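Q: Quick note on numbering: the sequence shown equals residues 1 to 263 in the working numbering.
Possibly wrong hints are sitting among the right ones.
[To be verified] Derived SDA-like pairs: lysine to any residue, alpha-carbon spacing no greater than 25 Å straight-line:
#1 K214 / L155
#2 K101 / A209
#3 K12 / A177
#4 K214 / T237
#5 K12 / M212
#6 K101 / G220
#7 K214 / G141
#8 K101 / R263
#9 K162 / G141
#10 K214 / E247
#11 K160 / A177
#12 K12 / A209
#13 K160 / L124
#14 K214 / A228
#15 K12 / G220
#16 K160 / T237
#17 K214 / P258
#18 K101 / Q227
#19 K12 / T213
#20 K101 / D80
#21 K12 / A194
#22 K214 / G14
#23 K101 / L83
#24 K160 / S130
#25 K160 / K184
#26 K184 / A203
#27 K101 / G141
#28 K160 / V186
#29 K101 / D254
#30 K101 / K162
Since the hints were made in silico from the structure, they are not lab data. Given the structure is predicted, the values throughout are model-derived calculations rather than measurements.
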Amino acid sequence: MSAFETIIVERKDGVVTVTLNRPERKNAGNGRMWQELHETFVEVGRRREDRVLVVTGAGGAFCSGADIADPSGVSGDPGDPHLVRMRFFGDVMLALHHLAKPTIAKVGGVAAGAGLSLALQCDLTVAARSARLSEIFSLRGLSVDGGSSWLLPRLVGLHKAKELAFFADMLSAEEAAGVGLINKFVADDELDAAVDEWAARLAAGPPLALSMTKRLLNSGSLVSMEQALEDEARSQTVNFHTEDTAEAMRAFRDRRPPKFEGR
């Protein structure tokens with residue numbers, strides 16, 4: 001377990017769980033938290049034994065957004081110009097977005113503003129039935145940030161994205177799942193088990209192939225069909241030369257589950 005001030009980092013069986021730990025502020029992100037998250041996302045990307053990242057919150061909330069009461073701002077340095085602060089915040093989100101490993105947001109309670117952006121940056125989002133989600137920015141006189149301008153149209157379509165951003169309505173987990181904002185919602189007392197099951201399946205999967213699939217899907221809407229096919233061909237060529245693919249073929253022949261090592 002880590003010794004950070006604002007987050008808790010735990011590792012078990014290839015799954016890294018990062019818990020936002022400012023429950024007295026509904027886990028609002030202050031400068032220290034964003035710094036610690038950035039450090040952790042980069043570290044997870046470098047550690048071969050870390051296969052899956054789960055992001056969640058302590059005390060019955062996911063993240064209520066950026067802590068606007070923090071004088072140090074999102075960069076943690078009160079002397080930074082605002083644009084510098086926001087660019088650092090962007091670096092935090094990019095570190096999560098580009099992490100070459102599967103990521104899951106486990107959302108209980110509120111996820112709003114930058115907190116919702118943080119959840120949506122994850123590859124998969126699972127919420128408790130009681131969760132509440134909002135692109136709350138316009139109610140604070142702000143435009144969207146945290147990558148929501150890129151994420152929302154891809155998740156729910158342009159017109160629905162505008163509706164969510166303009167009105168900043170609070171959605172139930174069922175409503176969020178219904179429009180494709182999150183993958184699924186479960187009963188509150190089933191949230192841990194549902195995320196644990198997905199995380200365990202991903203941790204047992206082929207790390208190299210999953211990392212390439214993630215990159216292909218993230219970039220697919222930005223390239224032509226010709227480029228997508230070329231990117232797939234290159235990735236598949238790499239896969240066919242890995243020990244993991246050879247192991248998968250052996251396991252298929254032997255009628256047993258494969259054991260992937262990331263080689």
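Q: So, for every hint listed, does it hold in this structure?
A: To see whether the hints hold, each was checked on the structure:
1. K214 / L155: Within the cut-off at roughly 15 Å; holds.
2. K101 / A209: 10 Å, holds
3. K12 / A177: Cα-Cα ~29 Å, so violated.
4. K214 / T237: 16 Å, holds
5. K12 / M212: 24 Å, holds
6. K101 / G220: Distance of about 17 Å is within 25 Å: holds.
7. K214 / G141: The hint is violated at about 34 Å.
8. K101 / R263: Holds, because 14 Å separates the two Cα atoms, which is no more than 25 Å.
9. K162 / G141: 16 Å, holds
10. K214 / E247: OK: K214 and E247 at ~21 Å, within 25 Å.
11. K160 / A177: Holds, because 13 Å separates the two Cα atoms, which is no more than 25 Å.
12. K12 / A209: Holds, because 22 Å separates the two Cα atoms, which is no more than 25 Å.
13. K160 / L124: Between K160 and L124 the Cα gap is close to 20 Å, so the pair holds against 25 Å.
14. K214 / A228: 13 Å, holds
15. K12 / G220: Not satisfied, since the Cα-Cα distance of roughly 32 Å exceeds 25 Å.
16. K160 / T237: 38 Å, violated
17. K214 / P258: 21 Å, holds
18. K101 / Q227: 23 Å, holds
19. K12 / T213: Roughly 24 Å between the alpha carbons, so the hint for K12 and T213 holds.
20. K101 / D80: Judged against 25 Å, a Cα distance of about 32 Å means the pair is violated.
21. K12 / A194: 16 Å, holds
22. K214 / G14: Between K214 and G14 the Cα gap is close to 18 Å, so the pair holds against 25 Å.
23. K101 / L83: Cα-Cα ~29 Å, so violated.
24. K160 / S130: Given that 25 Å is the threshold and the Cα spacing comes to 22 Å, the pair holds.
25. K160 / K184: Holds, at about 18 Å.
26. K184 / A203: 20 Å, holds
27. K101 / G141: 35 Å, violated
28. K160 / V186: 23 Å, holds
29. K101 / D254: 28 Å, violated
30. K101 / K162: 30 Å, violated
In terms of the numbered hints stated before, the structure departs from hints 3, 7, 15, 16, 20, 23, 27, 29, 30, listed from lowest to highest.
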